[in-house]
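Based on these hints, arrange chain A on the given structure of chain F.
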Amino acid sequence: EAGVAQSPRYKIIEKRQSVAFWCNPISGHATLYWYQQILGQGPKLLIQFQNNGVVDDSQLPKDRFSAERLKGVDSTLKIQPAKLEDSAVYLCASSFQDGPYEQYFGPGTRLTVT
Amino acid sequence: AQRVTQPEKLLSVFKGAPVELKCNYSYSGSPELFWYVQYSRQRLQLLLRHISRESIKGFTADLNKGETSFHLKKPFAQEEDSAMYYCALSGQGTSYGKLTFGQGTILTVHP
Numbered sequence: 001e002a003g004v005a006q007s008p009r010y011k012i013i014e015k016r017q018s019v020a021f022w023c024n025p026i027s028g029h030a031t032l033y034w035y036q037q038i039l040g041q042g043p044k045l046l047i048q049f050q051n052n053g054v055v056d057d058s059q060l061p062k063d064r065f066s067a068e069r070l071k072g073v074d075s076t077l078k079i080q081p082a083k084l085e086d087s088a089v090y091l092c093a094s095s096f097q098d099g100p101y102e103q104y105f106g107p108g109t110r111l112t113v114t
Numbered sequence: 001a002q003r004v005t006q007p008e009k010l011l012s013v014f015k016g017a018p019v020e021l022k023c024n025y026s027y028s029g030s031p032e033l034f035w036y037v038q039y040s041r042q043r044l045q046l047l048l049r050h051i052s053r054e055s056i057k058g059f060t061a062d063l064n065k066g067e068t069s070f071h072l073k074k075p076f077a078q079e080e081d082s083a084m085y086y087c088a089l090s091g092q093g094t095s096y097g098k099l100t101f102g103q104g105t106i107l108t109v110h111p
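Respectively, the protein sequence lines represent chains F and A.
Under the numbering used here, read the first sequence as residues 1 to 114, first letter to last.
Under the numbering used here, read the second sequence as residues 1 to 111, first letter to last.
If we strip away everything but chain F, and leave its shape as in the complex, we get (with noise of 0.2 Å):
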């Protein structure tokens, strides 16, 4: 089965500007999240969705980064503004359904602000 897709892989932009990333997931799961890793950390979830509802944005900075599924299937991941430390991989991962299953990971897009 097509994995669980990301775009762009890279991405360089000064501090302020705004990015957005795209997410593809596998085709039938329900369950989407996306996770930024910091150089040297493990990944943490900054975002849960089951189909196109929200189930936990609790460590999304929601002053600057927005999130949206709008038909249950793709999602996008915005920073506007962004900050130095921002910089970091942003992670798309997605599961059958909500609950203790495998996720599967996509390629991350490494997002540099200088």
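Worth flagging that the hints you see were computed from the coordinates, not collected in a lab.
Every residue gets a Cβ at the ideal spot worked out from N, C-alpha and C, and that includes glycine.
Be aware that one or more of the hints could be misleading.
Unchecked claim - Each pair of labels, with its calculated beta carbon distance range: (1) F:T112 x A:S26: 31 to 39 Å; (2) F:E102 x A:E67: 44 to 52 Å; (3) A:P75 x F:P81: 45 to 53 Å; (4) A:A17 x F:D63: 48 to 56 Å; (5) A:I106 x F:K44: 16 to 24 Å; (6) F:A30 x A:I106: 51 to 59 Å; (7) F:K62 x A:R3: 20 to 28 Å.
For chain A alone, coordinates are given in the frame of chain F:
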């Protein structure tokens, strides 16, 4: 709050030696524990989960609720085991399905 600690950032062993990657967790309930692995230039992927109690690529992990640990073990390490390993926890209730990851351990297996 749930937390996962992997005390070793780096671990080096020689081929054929036993290896143990440590993982300790903090959670007030019954967690689901996982080990995820990332090989060089590959995606993060599930290695094993405690609920399935299976051995994958020779690795096993036992959940010790008394010590709140979920150490990953392999009796004879292979060069292809060199990778980044993350221990992760999924809680109950509102934390159901939400993974909390440790900081990761880079395992290097020398020939």
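Status of the hints after comparison with the structure:
no.: 1; hint: F:T112 x A:S26: 31 to 39 Å; result: holds (33 Å)
no.: 2; hint: F:E102 x A:E67: 44 to 52 Å; result: violated (26 Å)
no.: 3; hint: A:P75 x F:P81: 45 to 53 Å; result: holds (52 Å)
no.: 4; hint: A:A17 x F:D63: 48 to 56 Å; result: holds (49 Å)
no.: 5; hint: A:I106 x F:K44: 16 to 24 Å; result: holds (19 Å)
no.: 6; hint: F:A30 x A:I106: 51 to 59 Å; result: violated (33 Å)
no.: 7; hint: F:K62 x A:R3: 20 to 28 Å; result: holds (23 Å)
In the structure shown, a violation is registered for the earlier hints numbered 2 and 6, in ascending order.
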